[in-house]
Amino acid sequence: MSQKKLAFIFPPFASDYPDDPFVNLTGFDDCFRKYLSRAAEFADPDLIQFEIRSNTFLNDELKTQYISYIQACSLVLWFRQKGVVPAYCSGYSMGIYAALFQAEVISFLDGLVLIRQAFKEIKKVINNQGFGMCTIIGLNLDDLEQLILKEKLNLKLAIQNSVCSYSISGTADDILKMTESSQKEGALNTRILNVSVPYHSVFLKDTVTGFTEFVNQMQFRSPKMPIVSLIDQEILLDEQALKNEAVRNLFTPLNWYETQLYLQELGVSRFVECGSGKGIVKNARFIEGDGVFFTANAYTALLDTK
Amino acid sequence: MALITENTRKEVTEVVYNFFADECEVDIKDIHAGTNIINDIDGDSLMFLELIEIFKKKYNLDIELKTIGKYSVKHPVQTIGQLIDMQLLIIEHENKLLELEK
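Residue numbers (my numbering), protein chains in the order written: chain A, 1 to 306; chain B, 307 to 408.
For reference, chain A alone in the conformation it holds in the complex:
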């Protein structure tokens, strides 16, 4: 008989800010401003100008990654101050750095260092070639693989989100062709993501040497809580496994669908999306099981009613 447990899920970087995502979180802004100020001093002075309503840096991939990481770490701090600590955590895509912070494997500043270095290695490898990603909803794995083969597209499946939702990486031209072909094939929704990097695909395989060297000279601590891998759904319990995960995360396909199911098998019944969006919460409608997914706002409202 499994116990009811809580998991924190750290999403990838934001693509928009539709509402005020932290409106119910009294005192959150203090946590956020504290980390924002440290990040501005350490990583990029422009960050201090971030405003969720007017200056979001959404057209700058690196700054957006920093901001999403800062928001996630601020949520970790804010929930910790309220005495909320999850049993498990997991980082979706570039949310991995916030998961490492949650489990106290790395410091806040080390997370910024990892983000910056990963981005540097990626840029070196893609060398200004046009890459991108898209999400396709409504076609299954076979349909997508056949389309890629039939149209001879230079694309790779990057993330499985559910049985009918996938993210794909590859050259920008082929990403565009894929969305058009998928619509003709009957996809209910296609979306080109606002990124210029083919994350979680073999196109980034050449980041392995440089990033491994960099990560290996960093100090990782033993995790204070289990982190579940999106690559193979293993529970990552030691420093070396976590270093390997940080490196593999850049060029290996992820399976969010299987990871959520596995967390439910481990007894997780509540998931909190620790970021500014609702993508993981929305996607959860297509996951089997009784797990309930919350935004940070919604989970806080639930806590406040108790």
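It is possible that some hints are incorrect.
Chain B is nowhere near these chain A residues, computed Cβ spacing over 10 Å in every case [what the hints assert, rightly or not]: (1) Glu51; (2) Asn59; (3) Leu77; (4) Glu104; (5) Leu193; (6) Lys243; (7) Leu261.
Simulated coverage check for chain B against chain A, where a stretch passes if three residues somewhere in it have a Cβ under 8 Å from a Cβ of chain A [stated by the list, open to error]: (8) 330 to 339; (9) 355 to 364.
In silico EDC-like pairs for lysine to aspartate or glutamate, Cα to Cα no more than 20 Å straight-line [unchecked claim]: (10) A:Lys282 / B:Asp350; (11) A:Lys278 / B:Asp328; (12) A:Lys278 / B:Glu331; (13) A:Lys282 / B:Asp328; (14) A:Lys278 / B:Asp348; (15) A:Lys184 / B:Glu405; (16) B:Lys372 / A:Glu185; (17) B:Lys372 / A:Asp143; (18) A:Lys278 / B:Asp346; (19) B:Lys372 / B:Glu398; (20) A:Lys282 / B:Glu356; (21) B:Lys380 / A:Asp142; (22) A:Lys282 / B:Asp348; (23) B:Lys362 / A:Glu288; (24) A:Lys282 / B:Glu359; (25) B:Lys372 / A:Glu180; (26) A:Lys278 / B:Glu356; (27) B:Lys372 / A:Asp142; (28) B:Lys364 / A:Glu288; (29) B:Lys372 / A:Glu151; (30) A:Lys184 / B:Glu370; (31) B:Lys363 / A:Asp290; (32) A:Lys282 / B:Glu405; (33) B:Lys364 / A:Asp290; (34) A:Lys278 / B:Asp350; (35) B:Lys408 / A:Asp142.
Hints in this document: simulated from the structure, not taken from any laboratory. Computed from a prediction, not measured in an experiment: that's the story for all the values here. Ideal placement from N, C-alpha and C gives every residue a C-beta, glycine not left out.
Using the hints provided, position chain B relative to the given structure of chain A.
This is chain B only, laid out in the frame that chain A set:
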């Protein structure tokens, strides 16, 4: 091919209205046939997909998502009323939905 009765239409309408009121956190009284799903109540394509799954289970339908997708390309759904009409067509024709095009 299922027979669509007034009762089916009533049942589908009720499910759709309740679903969007719940998912989009809006008062059910604010939803009507002309409500634009994306612009008025902040709905999305994942909700459409979830509704399809609900009706697939409810009416034990044999239909592939891509069949609905292909039909939607020519008959895009924007309002609650259009969505209800499409759900009724799906229930009535299932995988033969595209034959309506011929």
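These are the hints, each one checked on the structure:
| no. | hint | verdict |
| --- | --- | --- |
| 1 | Glu51 | holds (22 Å) |
| 2 | Asn59 | holds (23 Å) |
| 3 | Leu77 | holds (28 Å) |
| 4 | Glu104 | holds (34 Å) |
| 5 | Leu193 | holds (15 Å) |
| 6 | Lys243 | holds (35 Å) |
| 7 | Leu261 | holds (17 Å) |
| 8 | 330 to 339 | violated (count 0) |
| 9 | 355 to 364 | holds (count 3) |
| 10 | A:Lys282 / B:Asp350 | holds (9 Å) |
| 11 | A:Lys278 / B:Asp328 | holds (16 Å) |
| 12 | A:Lys278 / B:Glu331 | holds (14 Å) |
| 13 | A:Lys282 / B:Asp328 | holds (13 Å) |
| 14 | A:Lys278 / B:Asp348 | holds (12 Å) |
| 15 | A:Lys184 / B:Glu405 | holds (16 Å) |
| 16 | B:Lys372 / A:Glu185 | holds (7 Å) |
| 17 | B:Lys372 / A:Asp143 | holds (9 Å) |
| 18 | A:Lys278 / B:Asp346 | holds (18 Å) |
| 19 | B:Lys372 / B:Glu398 | holds (17 Å) |
| 20 | A:Lys282 / B:Glu356 | holds (10 Å) |
| 21 | B:Lys380 / A:Asp142 | violated (24 Å) |
| 22 | A:Lys282 / B:Asp348 | holds (12 Å) |
| 23 | B:Lys362 / A:Glu288 | holds (15 Å) |
| 24 | A:Lys282 / B:Glu359 | holds (15 Å) |
| 25 | B:Lys372 / A:Glu180 | holds (14 Å) |
| 26 | A:Lys278 / B:Glu356 | holds (16 Å) |
| 27 | B:Lys372 / A:Asp142 | holds (12 Å) |
| 28 | B:Lys364 / A:Glu288 | holds (17 Å) |
| 29 | B:Lys372 / A:Glu151 | holds (18 Å) |
| 30 | A:Lys184 / B:Glu370 | holds (14 Å) |
| 31 | B:Lys363 / A:Asp290 | holds (17 Å) |
| 32 | A:Lys282 / B:Glu405 | violated (32 Å) |
| 33 | B:Lys364 / A:Asp290 | holds (19 Å) |
| 34 | A:Lys278 / B:Asp350 | holds (12 Å) |
| 35 | B:Lys408 / A:Asp142 | violated (27 Å) |
Hint compliance for this structure: hints 8, 21, 32 and 35 are not met, and every other hint is.
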